[in-house]
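Trainee: Go by the hints and put chain B onto chain A.
Heads up: the sequence lines are chains A and B, in that order.
Position one of the first sequence corresponds to residue 1 (this note's numbering), numbered consecutively onward.
Position one of the second sequence corresponds to residue 1 (this note's numbering), numbered consecutively onward.
Careful: at least some of the hints might be erroneous.
If you want the ones that stay clear, here's a sample from chain A, every Cβ over 10 Å from chain B, calculated [claimed, not checked]: (1) 1; (2) 130; (3) 184; (4) 190.
According to the in silico footprint, chain B covers these stretches of chain A (three or more CB under 8 Å from chain B) [said to hold, decoys possible]: (5) 165-172; (6) 175-182.
No lab work stands behind these hints, which were simulated from the structure alone.
Beta carbons are placed, not taken as given, at the ideal position from N, Cα and C, and that holds for glycine.
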Amino acid sequence: MVELLAQTGLNAIYAASYMSLVAVGLVLIFGVMGVINFAHGELFMLGAYTVVALYADFQLPFLFAVAVGLVFVGVVGLGMERALFRPLRDNPLGGLVASIGFLMILQALAVMGFGVRMEHVPPVTQEVIVFSEKVRLAVPRLFVIVAAVVLLTALWAFLKKTRFGWALRASAQDPEAAALQGISINQTSRIAMFIGAGLAGIAGALTAPLVSVNPYMGHSVIVSAFIVIIVGGIGSLEGAVVAAVAYAFVHTIVTTFWDGVIADIVGLSLMLVVLIVKPTGLFGTADRA
Amino acid sequence: MLLEIRDASVNYGKVSAIRGISMNVPDSGIVTIIGGNGAGKTTTLRAISGLERLKSGEIWFDSERIDHLPADRIVARGIAHVPEGRRIFPDLTVEENLRTGAFLRRDQAAVEADLEVTFTRFPRLRERREQLAKTMSGGEQQMLAIGRALMTKPRLLLMDEPSMGLAPIIVEEIAKIIQEISAESAPVVLVEQNAELALDLADYAYVLETGNLAMEGPADELHDNEHVRAAYLGV
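With the rest of the complex left out, here is chain B:
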């Protein structure tokens, strides 16, 4: 397993956000975490990338325990995180945003090559290269956030609600990109409220309910599960 979460709990003050969660992410494919508002999906991702500390439990990445490391060291290990709400740097240009993703990299030639790959993958970003990131549309900003994460040259990509607030046609485009990334670059952990989309894309799924792991299994099996259909797919 590339990533293992063992019996992890996170508290915000006295309120518990996730309780005793265990998850595995293999070396390839897409794993999704679905669940309602406040189920603990975002907290789980934030704990993996070091933005939240565990109250108990462990997180292992590539046979190394990482749950005590600060966020900037975890990126160095190869975990990139596309945060909820995109969180691009509004007053940096598109190109500067992408280059901050390569902050830790010393392989200058490969960075330039990856910048070219990113611009080929997202032609809109090339057009807007010199523009301030805040002047772009939501879909373009999401692509910038994904591009920035890929510039870290990740071995695992965490994505928090990439479809949030986007038009259906853009969501389709993002979905295609997620599949490409998992096929060509790195396995993906996808957090989504849009469970239909998430289960379509993913190989394996975890269902969180109010901080607890309620269910897990291959995505197509969960897709046909009575409870999941009633609670998350609205059928």
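Bound-form chain A, shown alone:
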């Protein structure tokens, strides 16, 4: 029983890692630009397909493919900012609808390029860290955990310690007052979009060998990410990380002891409870909710 719990804990930490990367990006984009990026799950999918193309098909080194995934998806994010969200800035609903349209385009492109079959990416390494007979952690999963800790720490340092970090937070709190300090909303939007999309991309790239890659894989990720954001509080990056960890634990435990569908139901029910008890989320403020 102890071993089963320990193994479930490890699985949950892994799930929390890639979920926080996706959710934090989504929160960052919403905070700075005020738009809910429905295509965020598809940016995750795009990161996974970068690894399918470069690592599985062209046999390039895995870490190189992951780095390309980060940058490439980040650049797609820049394109979205320029082409969709900037022209629709005064129309948050417009941004949301445009991102839903873009989601479908990305899915269709993935189907055209790779087909609807599930891609199996060969494992990067077969190595497993054995804690005991029944408690094991596959090394590729460890990659994801380490990457999430490193990237989230770097993001935190960027936001707290650099002038562009202050600018981003200022812009999220009051874009007009930020403009009066010389902080351009176009500039902060570009930064938020590049980071947010890039984090989704790298999460998809890192998990590609561990999941079945298909054009519709973004769907389950975005549902989890939304639950995490609503539970954590819409404006709060810290909240997103804490909620991702909590949600991943609940989801993984319920999946282990009952099954996945019940875990989804439990997750959504938790979201409902939080919305009823504290509508701004556990860490959120009412300002932009």
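Mentor: Just chain B now, kept in the frame of chain A:
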């Protein structure tokens, strides 16, 4: 003239907020804009700093036309704006708020020196350096908003209702600070509903009434003007 507004009009949708206003701000001193609610005082300041677009007219700053520039470029030219309601960044610390004012500046050593000057001018801000801005009192937040604007190293400072909602003793302190700034740092354009205070501080005054320029003149002359006394000074 440092700043010239020529025949400027601003509309909000179909409603006109200011109509054909012309104003001048010289290289030193305090210019005030007084008037009642909805007279167009705030709109005038917002138009200068690029937060509102002109429907017609021109704004010139230091021989450059600026009315087509976005707000973040106008700050770069040297116009700082302390907005109505202070608009400090609530979840940034006091020091981070001040540093956002220096966002565009590359002279790192001078920024650190100016931060020190700001903390000397506002000792309360030094005490609360690491505190979140939203935890401070109204007067302290107003000082933070002024300090943040000064960190941009402005050549002209726009202030919108700095006395709003503050206790009389704090208002006196703010008034002293405005005089210091105009003497030491940069000329000030002061928008105030407290006309008594504004006319006391200013050298020159403009009176706005429902979007039109009703009157202008040296502040002490307007202070003694029948109409101004009856309408704005309550005597």
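Trainee: Honestly, which of those hints from before does the structure not fit?
Mentor: Result: hint 3 breaks, nothing else.
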